[in-house]
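Asks: These are the residues of each chain, in order.
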Amino acid sequence: MKYAMLINYEPGHTDALSEDEFKAMFAEYTALRDDPRYIASAELQPIETATTVRVQDGQTLTTDGPFADTKEVFGGYYVFDADNLDQAIELAARIPAASLGGAIEVRPLVER
Amino acid sequence: MLASLVGFLGDFDLAEEAAQEAFAVAAERWPRDGVPANPGAWLTVTARNRAIDRIRRERTLAAKTRQLEVPEATMDELDDTVIDDERLELIFTCCHPALALEAQVALTLRALGGLTTEEIARSFLVAEETMKRRLSRAKAKIKATGVPFAVPPDHLLPDRLDGVLAVVYLIYNEGYSGRVDLAAEAIRLGRVLVALMPDEAEVHGLLALMQIHHARRNARFADGDLVLLEDQDRSLWDAEEIGAGRTALERALALRGRGPYVLQAAIASLQSDDEIDWPEIAALYEQLVQITGSPVVELNRAVAVAEAGRTEQALEIVDGLHLDDYQYLHSSRGELLRRLGRPVEARAAYERALELARSERERRFLKRRIAEL
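One line per chain: the protein sequences are H and C, in this order.
This note's numbering applies: residue 1238 is where the first sequence begins, and numbers increase by one.
This note's numbering applies: residue 3 is where the second sequence begins, and numbers increase by one.
Next up, chain H with everything else stripped away, as it sits in the complex (with noise of 0.2 Å):
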C-alpha cells in the first residue's frame, strides 16, 4: 500500500544543531530514499516563498503566504510503498522533523 509522508515543522527547527548534527540529520533524509520501499519525495523551499491560489467565479486569486496559517509549516514529503500501517509508521517515525519537535502526517495514497 503507497503512504504518503507529509513532514510538518516548525520553521528553524534545526537551528540548535551543531554542525555535525545537522550533517547527520541530513544524511538521515537521504538514507530513506535508499530504502527499497522509497517512491518519492520532496523537499519545498522556506515558507517565505509559498503562493496560495484560489479561483472564484473563473477569476484566479493569489495571496502571499501559505494555505495554512499555523505554527508548524508543511516541508516536504515522501512516498512509500509499504506492507501496512505498522511498516508505514516506522518509516514516518524515522523522519528526522518527526525528532526535532514536528509531526508526519501518514495517509494511504488513492491507487486506482
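Please keep in mind that the hints were generated in silico from the structure rather than gathered at the bench.
All clues given are correct.
The calculated lysine to any residue pairs, modelled on SDA-like cross-linking and capped at a C-alpha distance of 20 Å, are: (1) C:Lys143 to H:Met1238; (2) C:Lys145 to H:Val1343; (3) H:Lys1239 to C:Ala142; (4) C:Lys143 to H:Asn1321; (5) C:Lys143 to H:Arg1349; (6) C:Lys143 to H:Val1347; (7) C:Lys143 to H:Ala1241; (8) C:Lys143 to H:Asp1320; (9) C:Lys143 to H:Glu1348; (10) C:Lys143 to H:Gln1324; (11) C:Lys369 to C:Leu228; (12) C:Lys143 to H:Ile1326.
From chain C, some residues computed to sit far from chain H (all C-beta separations above 12 Å): (13) Leu16; (14) Ala28; (15) Val37; (16) Tyr171; (17) Arg193; (18) Leu231; (19) Leu238; (20) Ser271; (21) Pro297; (22) Gly343; (23) Glu347; (24) Leu356; (25) Leu358; (26) Arg360; (27) Arg366; (28) Arg370.
Cβ atoms here follow ideal geometry from the backbone N, Cα and C, with glycine treated the same way.
Put chain C on the given structure of chain H with help from the hints.
Replies: Chain C alone, transformed into the frame defined by chain H:
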C-alpha cells in the same frame, strides 16, 4: 469465533455476516441432528465456508479478502491455538494506536466483548447512531490504512501491550463509577488476555488489580454515600474475588513483574488485609511514582505515609505537589490538617475540595467532614 473470521477475511462486516449465517444454520440443524462435539469449531468452519461461497459469487469482494484461493476449511485444521492466536491478533488490531482511544474502546467491546452497539452506546451515554458511526469509521480506517491484523513484532510489543491494557482498564473504570456491567466486562477481557498471554506479568497484574477492586464494590457506598476504606463493612467484600485477584497477583510476581499494574494490584491486595501494612504500601507507591512520575500517585503515597503514622511528613509531600485543581489533593490536605489539630486550615482545604467536587455524593461526603471539624 469472530476473531478467527475477521483474521481469515480481513473484514469485520463480512465476518459478522458470516457468523450470523452460521448461527442461523446451527439453530436450524442442531435441534434436528444434535449438537456437534466441538460446537465452536463447527460454527467457525461453517461460517468460513459460507463466506467463501459468498465471495466466490461476488467477484467485487475478492479484492477485500486476504486470501483468494482458499481451500474449504475442514474440522481437523481448526484447534484452540489457531482460534486463540487470532483472538490475540484481533485485540491488538482493535487497540491500534492509529485509532482514536474511544474507537479502540468501542471496537474492543464490540469485537471481543460481544456487546451490541446499543449496549455499548448505553454504557457511554451516547446515541446508538453515534456509536454506530464511531464503529464504522474505525473499521473503515483499519481497512483503508492497512492496519495489520497481527500480533505486533517483538520490538513494538511492549508499547502496544500497554495500549491494550490501557483500553481494558479504561473500560473497567467506566464501570467503576456505577455501571457495573462494564467492570465485569473488563474483568472478563482481562481473563481472556491472561489466557492468551500467560507469560506477561502486567497482564496478570491488571486482572489482579481489577478483581481486587471489584471485590470491594458493594462496601463502597452505604445509603448512597461514599464509605472510606477503613470504614467499609468487610463482610460485603467478595472474598472469592479477592482470592482470585491475589492468585493472579502471585502469578505476576512469580513472573518478576514490577510494572505499574502489578504494583497497584499489590497495593490493593495489602489494603484488603485485616491488618494493613501501610509502610509497605507507601514503599510500593514510591516505586510507582518512579515509574509513572505522576503527582496523583505521589498524593496516594502521602496518604499511605500518613496512615503509617508520619502525618507531618505526609503534609510536606502534599504541599510540594502542583495539583491545585484536583479535588482529592484538597480533601487529603484537609484530613491531614485535621489530624495535626489545625481545624481552621483543614476547613479551608475541605471547602476548596467542595468547590471542585463533581458529584452529589462527593459533596455530601465533604460537607459531613466539614461539619465534623
